[in-house]
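Number of protein chains: 2
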Amino acid sequence: MKKISDSRRQFLGVAATIPFWIPRSIKGYTSKQMQSFNLDGKIVDDISKWDLDTPALCVELDALERNLEHLQQTVSRNGIDSRPHAKTHKCPAIARLQMETGSIGICTAKVSEAEVMFEHGIDQILITTPNVTPVKIKRAMHLSKWCSGLIQATDSLTNARDLSAAAAAAGVVADVVVDVDPGGHRTGISPGEPALILGQEVDRLPGLNLLGILCYDGGSQHVKGFEKRRTQTLERLAAASDTILTFQRSGLNTEIFSGGGTGTYNIDHETSHFTDVQVGSYLFMDAQYRAIGGSSDPEVYTDFEPSLTILTTVVNDQYQGRATTDAGAKACTINKPWSIVKGETGMNYRSGSDEFGTITYDNPSRTYRVGDKLELIVSHCDPVVNLYDQMYAIRNDRVEAIWKIEARGMSN
Amino acid sequence: MKKISDSRRQFLGVAATIPFWIPRSIKGYTSKQMQSFNLDGKIVDDISKWDLDTPALCVELDALERNLEHLQQTVSRNGIDSRPHAKTHKCPAIARLQMETGSIGICTAKVSEAEVMFEHGIDQILITTPNVTPVKIKRAMHLSKWCSGLIQATDSLTNARDLSAAAAAAGVVADVVVDVDPGGHRTGISPGEPALILGQEVDRLPGLNLLGILCYDGGSQHVKGFEKRRTQTLERLAAASDTILTFQRSGLNTEIFSGGGTGTYNIDHETSHFTDVQVGSYLFMDAQYRAIGGSSDPEVYTDFEPSLTILTTVVNDQYQGRATTDAGAKACTINKPWSIVKGETGMNYRSGSDEFGTITYDNPSRTYRVGDKLELIVSHCDPVVNLYDQMYAIRNDRVEAIWKIEARGMSN
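Chains as they are written, first to last, in the numbering used here: chain A, 4 to 415; chain B, 4 to 415.
Okay, chain A solo, but in the shape it has when bound:
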């Protein structure tokens, strides 16, 4: 290597002027090896985060715990409850943490997620999506037989009747909330008279027990700027709020008015009769939520701390102004804004390539060599978590536990 000619040096560009990378004495563990260390969810050896094989999904426990605490303190102060959405983490270990720190239950988007959570000891579950096929209705009502804290959303008269028949066949009276559309027309029945008629029908049907309504305004969660977000949220929840008043006047049960999320957790309580927030991303945060701004900082949403990262390794440093990593779209998704390199400035990360991530430099705080590891703040936490079978729970850079993402891929 000492005989490198000038022409070759020129050909290689900047890389030739930097000494070749010498492997550090990191050990590195594969997922399989890590599993063998993992007894009852606790690691028996003392393993550094930086020794993990990559890409690896990591959650910083101190930050996660502060996020749990801040959420719970805020909603308690505002006189409402939290019913966090497990679609974000798909992880029974985290659902247990949420229940232990004061949440009244969890939400799931899919009946399969609810089945997994119940199998792992969670017994207060609101399925927020109406189940419409015979098989899914049967599964939900079968689960209701075993999980007394199951609540099922419904958004049509036909569906309510199907649910009631399936509940009767399973020998249960199923708890139900009416899913009210906040205006996005995605799921839910229209507020006002249609919702009231459905509520009355649910109340009447022998297999069902009406608990109230659900109104999830996904479209308001990422509105940039606290005041703009607050105004839109309260406007769009007004019809649902009027609906629950008509429920009350009609003598229907109004003990649940569930909705909201991480972007509106400190706004939703201003809506009359609102009972609990379906926060999800508050646990992890992500680049999408960071960008919405908060009440204290108009540019950055600092209410919760980023706790979820992807650990990745640089696999190529040979070309000027860039480096290639082992975390592409299959490890990061292609959501925008792109993942953020944690703790560094002057560089951008893109995961547009299936297998590889690209770092481009623009007055960077550091550059990377082959074999270097770095952490990424994820772009959009929900679909990222859905790519991994496990996450490493980290404290002070040591692996404290491996949490199985038991409901990963459960979209049915």
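Keep in mind that the hints were calculated from the coordinates and are not lab data.
One thing to keep in mind: the hints can contain errors.
Note that identical chains are pooled: a pair holds if it fits in a single copy or bridges any two copies.
Unchecked claim - DSS-like cross-link-like pairs, simulated, lysine-lysine; straight-line CA separation at most 27 Å:
(1) Lys227 / Lys339
(2) Lys141 / Lys376
(3) Lys52 / Lys407
Remember, it's a predicted structure, so these values are computed and weren't measured experimentally.
Start from chain A and add chain B according to the hints.
Then chain B, alone, in the frame of chain A:
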């Protein structure tokens, strides 16, 4: 329901003018139920695709088999081989089909994928990504000890020396190809002198056996228009072609010059010394590849047939001009162009929402009611497959087998 007032009818919009949906006598099976029917990879009961619980990933066997045959016939006629990339399907059952129909081996992007494929009986495997960390190098060289047909790509002198040391420690001489950069600067060493010096070093190192080069030009695969694609591909492969000529003149082994993909499978053979194509998407096709146009149709790439679909169910039909399904970003990814509703016209599908898909109508060939199932031609097959634990192999609308996607999520 007979007492609907005019005002309510108006409130509900178009939906109120259509009779309510009556459940059909479909049975429906959950994934768990399907598994219980599945003995030795074959279904013992006679189950319709339309009874599957959704979202479900399905592959049409007749189309898949025609794609396999067309590819193999074409490359044979052009005097080259196929070495399909298993990063696309991550499925040993499909790798076996590829080997049985004439492929000389498979490629994998990650060492974890190679481990899985070898565990399932595939023994001709080219790992196309240089492994750079001590743990990955050790894993690859350990695999080489058991899998005599393993070939590892390398793109730097340091990496080659690390590989050689690890091979010696494992007691093997490992087969290696030099990864040459086609100009994208993602991975690979620069063609010409740098690649030659690396080839000579690999040839010299006691633990390694040089087989030739690899040059994957991902950037040319989706160039729209056959002639434009052909021109760019041949231009960008020229430096790698020159490189393999210098290998030959220097007495180095040139038995492998691997590269190319589904967009260039009928172009790459025009490059001197080119030996085999790393096709992946040809099996399944997708909306991205459909749009690149082919030699016979400038708008639609008809060389291969779409065989991979996502089966999804309509969960809401209450709002005019649209319907909501149960297949969102977690079931479809957010790649563009969006998934295509198979067999229908005048409607668009979007999976921008994590849990829900949105159909919007624009002079549609049909409309959907709650509970209806439909099939989507996937947007970009690789990351879609990576979301599912299994795919249903379908012939004449019946489930013929369930194929485990054993390397799903194996990004490390």
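How the hints compare with the structure:
no.	hint	verdict
1	Lys227 / Lys339	both (15 Å within a copy, 25 Å between copies)
2	Lys141 / Lys376	between (47 Å within a copy, 18 Å between copies)
3	Lys52 / Lys407	within (17 Å within a copy, 31 Å between copies)
Checked against the numbered hints given earlier, this structure breaks none of them.
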